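Asker: Residues per chain are reported as follows:
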Amino acid sequence: METLTKAKKKTKKEKAIKINGAEAVVKSLLAEGIDLIYGYPGGAIMPVYDEFYKYQDKLHHVLTRHEQGAIHAAQGYARVSGKVGVAIATSGPGATNLITGMADAQIDSTPVVCITGQVGSNLLGTDAFQETDIVSISTPVTKWNYQITKASEIPEILAKAFYIAKSGRPGPVLIDITKDAQFGELDFEYKKCEKIRSYNPVPKMDKAQVKAAAELINKAKKPFIIFGQGVILANAEEELRELIEKADIPAASTLLGLSALPTEHEFNMGMVGMHGHYAPNVLTNECDVLIAIGMRFDDRVTGNLETYAKQAKVVHFDIDPSEIDKNVKTDVAVLGTVKETLVALNTIINQNINQKWHQEFKDLHQIEYKEIIHPEINPTKEKLTMGEVINAINNETNGEAIIVSDVGQNQMFASRYANFKQSKSVVTSGGLGTMGFSLPASIGAKLGAPSREVVAIIGDGGFQMTIQELGTIMQTKVPVKIVVLNNEFLGMVRQWQEMFFDRRYASTVMTNPEFTAIVEGYGIKAKKVSKRENLSAAVSEMIASKDSFFLEVIVEKEGNVFPMIPTGATVSDIRLK
Amino acid sequence: MKKEIYTISIYTENNLGLLNRISSIFLKRHINIESLTASSSEIENVTRLIIVASLTEESVKKVIGQIEKQIEVIKAYYHTNEESIYIQSALFKIKSNLLFDERQIQNIIKNSNAQIVTVSPEFFVIEKSGRKEEIEALYDELLPFGIMQFVRSGRISVTKEEMKISELLKKQLN
Ligand SMILES: Cc1ncc(C[n+]2csc(CCOP(=O)(O)OP(=O)(O)O)c2C)c(N)n1
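As you go down the protein sequences, you meet chains A and B in turn.
Sequential numbering of the first sequence, starting at 1, is according to the working numbering.
Sequential numbering of the second sequence, starting at 1, is according to the working numbering.
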C-alpha cells in the first residue's frame, strides 16, 4: 500500500532521473523549449557537445566560425523571434570571444543565455590551461551571471538564467560550468523559474501616474511621441497605434524602435537622433508634451541634454525604473510594461485633432525630402548612392523583409530609407554600434523567422570583421541575402574626418579583396554591381534566389549621411549639409 | 549640485559575485567608496551592505537605481548622516612600555572612552568606537607616542526610519 502511493506521487511530480551534468544542460535547454543554439566547441565544454551529438534530432546546433558569430546569431534570433537566444562556447578564449556580444545584448536589451565551459573546479584560481575568470570579466556586461561547480545546481541555475534573460527588461545571462560539474551526476528534475524573491522584473503600474499622463496628453496642443524598442519587446505595437490615432499624435522612432509602427503610417514621422529625420528632431524642441515610450534617451537621440526638449513636459513610459530621470527629467513617469500601461492610458485618452501641428511636420519633411531624400534616391551623379540601393531593395521586397544592418553609413542609410510593414523587421546593433554584427545576426534572424526574407546590409569594413561566418552560411545553407555597400572607406569615420578633421583621412582608406571571389569560394552565389542600369535586376535576382546570395554594390566613395546632429549639438540644430 | 556624505544600505541575497557588480557601479561613475561593510542582517540569509560615499543627491539616486536593478539586491536605500545612527571602530597597537612610562596615555584612553582590549609584554591594543572624527582625534593624540599599527573599520549604521524588508520580501514572493 505504502509503496503504491509513493509510486503514484512520483509519476505525478515528474520523476527525477539520474544523469550527468552535461546531459542535464541539454535536458534543461529542451525543457525551456530551445531547439536551436549557436556555438563553438572546445576542451572545457566537450562533455556538453557529446550530449549534443546524442540529442541532435531534438536540439540543432549551429557551428559558427567564431564565438562572436555565435552570440550575434543568437541575438539576431532573439530579436526577430522574441525567444531567448542561446550561445555556447568553451572556456578561456571561447568565453572571452563572447564578450562583445554580451555587451551588445546588454545595451540593446536582448534576451540571450550564454553557456561557457570552465576548467575543473579543483583547478580554479591556478591559471590552468584556458582558465579565465569569465564571471568577473562579464559582470558589467550581463544582467546576471553565475558559475556552476556542482552538477546538482544545473537545472535550477539554468531555469533561473532563462527566467532572468527574458523577464522584465531582457538582457544577457552567462552561466559558466566547470568541467567536473558537467561530468558529475545528479537527480535531474526541471522546474521552470517563475519568481526570484529579490527580483522584481515588472514594476507595478500606478494608475494615478497613468491618469496624470493622460491629463497632460489630453491638454497638449503639440504632443509628440518617441517610441523605442520597449514597444516591440512588450508586443505593444497595436496599443501604440491606437494611442497615436486616437489622440492624433505625430510619432517618431528611435533606431531600435523602427518597424514598431509601419513606415507608411501617416503619423509616422520617421526616426529621431543623430542621423534621424529633420522634422522630428527639430520639433522635439517645439512640442509641448513629449511622450517617450519604451526608450531610454540615449545621447545619440538627445544630443545636448541642456537644450533638449526644455520647453516640453515629459511623460516617460518604461519598464525599468532606473531609466526614469537618468538622462532627461520627467514630469510624469509611468512604470510597467508598455503594453499594460498603454492599454490603461488608451481608455482615458481623449480623441483629439492636431492638424496644424501635423502640418509643421509635413512642412519640414518637405524640406528634407527636397534637399536630401529626393537627390539621394534619384541621383544625377554617375556613382550609385547607398540610399538608392536601399530603395531598390524596398521596391523588390515590398517592405516586407527583415533588414539586418551593420554599423556606419550603411546602417544609417538602411534605417532611413528602408520601408517596414511589420514589427520586428529591424535587427541592428544600436547601443554598442558593433561593426561585424550584421552578418552573423542575419543568420540567426533567418533561423528565427524562416518564412521571412532576411537582408543583411553591410559596409566593406564591417563585412571583414566577421566575414568568416560565410562558412556558417555555406554549411547550414541558411538562405540569407547579403548586400555589401562598398565605398572603399570606413565610411562613417571618413565622413567625420571630412566634416570635423579637415579631411585628414587617417586609416580609413580600405584596400579590399575581390569580395565576390571570396564569397564564391564559400559556394555562395555572388554578384557585383557598379552601374545604375544593373542595380534593380541584380537586386531582383538576389531576392528571387532560393539560396543565400551575395550582392556587392560599388557606391560613391565619399557619400555622406545627412541630416546630422553633430555630437553634443542641440537636436533642433540638425544640419542638412 | 553639492556633494554630501551618503550612507547606502543594501539588502541582498548572499552571492559571491554581487559585491563585484555593486562596486563596479561606483567605479564606472568615478565615485570613490569611502567605506564598505558587509554583514548579516536582521533577516535570515539576507546580507546587509553598507557603503559610504560622497556624491550629489542626483547621482546617489541614480546609483541606487542601478544597484536595485541587480538581480540579488532586495532593496537599497540612501541616507544622510542626519538620518542615520552610525559608528566605526578602530584598533590602535601601542608599545607596552608606554602605558607605564607615559602616564598621559592612560588619561587619553580614559578621556576618549576607548578600551584596552589586550595587554602583552610587548604591546597593548586599544579599541575605540565612534564617529570618524572622534577616532581621528584619538589618532592625533596617540601619534606623538608612536602607533605600531592602526586600523579603522567601515561604517556600520542603522536608520532612524523603519525598513520593512521582511514585508517587502513576503510581498515579492506572492
Ligand atoms: C568593432 C568596431 N570598431 C570600430 C568602430 C568605429 N566605427 C564606426 S563606423 C565605422 C566605419 C564603418 O565602415 P564600413 O563598415 O565600411 O561602413 P560604412 O560606414 O562605410 O557604411 C567605424 C570604424 C565600430 N563601430 N565598431
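By construction, these hints were calculated from the structure, which means they are not laboratory data.
It is possible that some hints are incorrect.
When the alpha-carbon atoms are kept at most 25 Å apart in a straight line, the in silico DSS-like pairs for lysine-lysine are as follows [stated by the list, open to error]: (1) Lys160/B with Lys93/B; (2) Lys207/A with Lys61/B; (3) Lys170/B with Lys191/A; (4) Lys207/A with Lys170/B; (5) Lys310/A with Lys62/B; (6) Lys207/A with Lys2/B; (7) Lys2/B with Lys326/A; (8) Lys546/A with Lys477/A.
Being a predicted model, the structure only gives us computed values, none of them experimental.
Asker: Confirm or reject each hint.
Answerer: Checked hints:
Proposed proximity of lysine 160/B and lysine 93/B is contradicted: the alpha carbons are some 34 Å apart, above 25 Å. As the CA atoms of lysine 207/A and lysine 61/B are separated by approximately 24 Å, the hinted pair is consistent with the 25 Å bound. A hinted pair counts as satisfied when its Cα atoms are at most 25 Å apart, and lysine 170/B with lysine 191/A qualifies at roughly 21 Å. Distance restraint check for lysine 207/A and lysine 170/B: the Cα-Cα separation of roughly 23 Å lies within the 25 Å cut-off, and the hinted pair is therefore satisfied.
The hinted pair formed by lysine 310/A and lysine 62/B meets the criterion: a straight-line CA distance of about 21 Å does not exceed 25 Å. Between lysine 207/A and lysine 2/B the CA atoms are separated by roughly 35 Å; this puts the pair beyond 25 Å, and the hint is violated. The suggested pairing of lysine 2/B with lysine 326/A holds, with an alpha-carbon distance near 18 Å, which does not exceed 25 Å. At roughly 10 Å between alpha-carbon atoms, lysine 546/A and lysine 477/A fall within 25 Å of each other, so this suggested pair holds.
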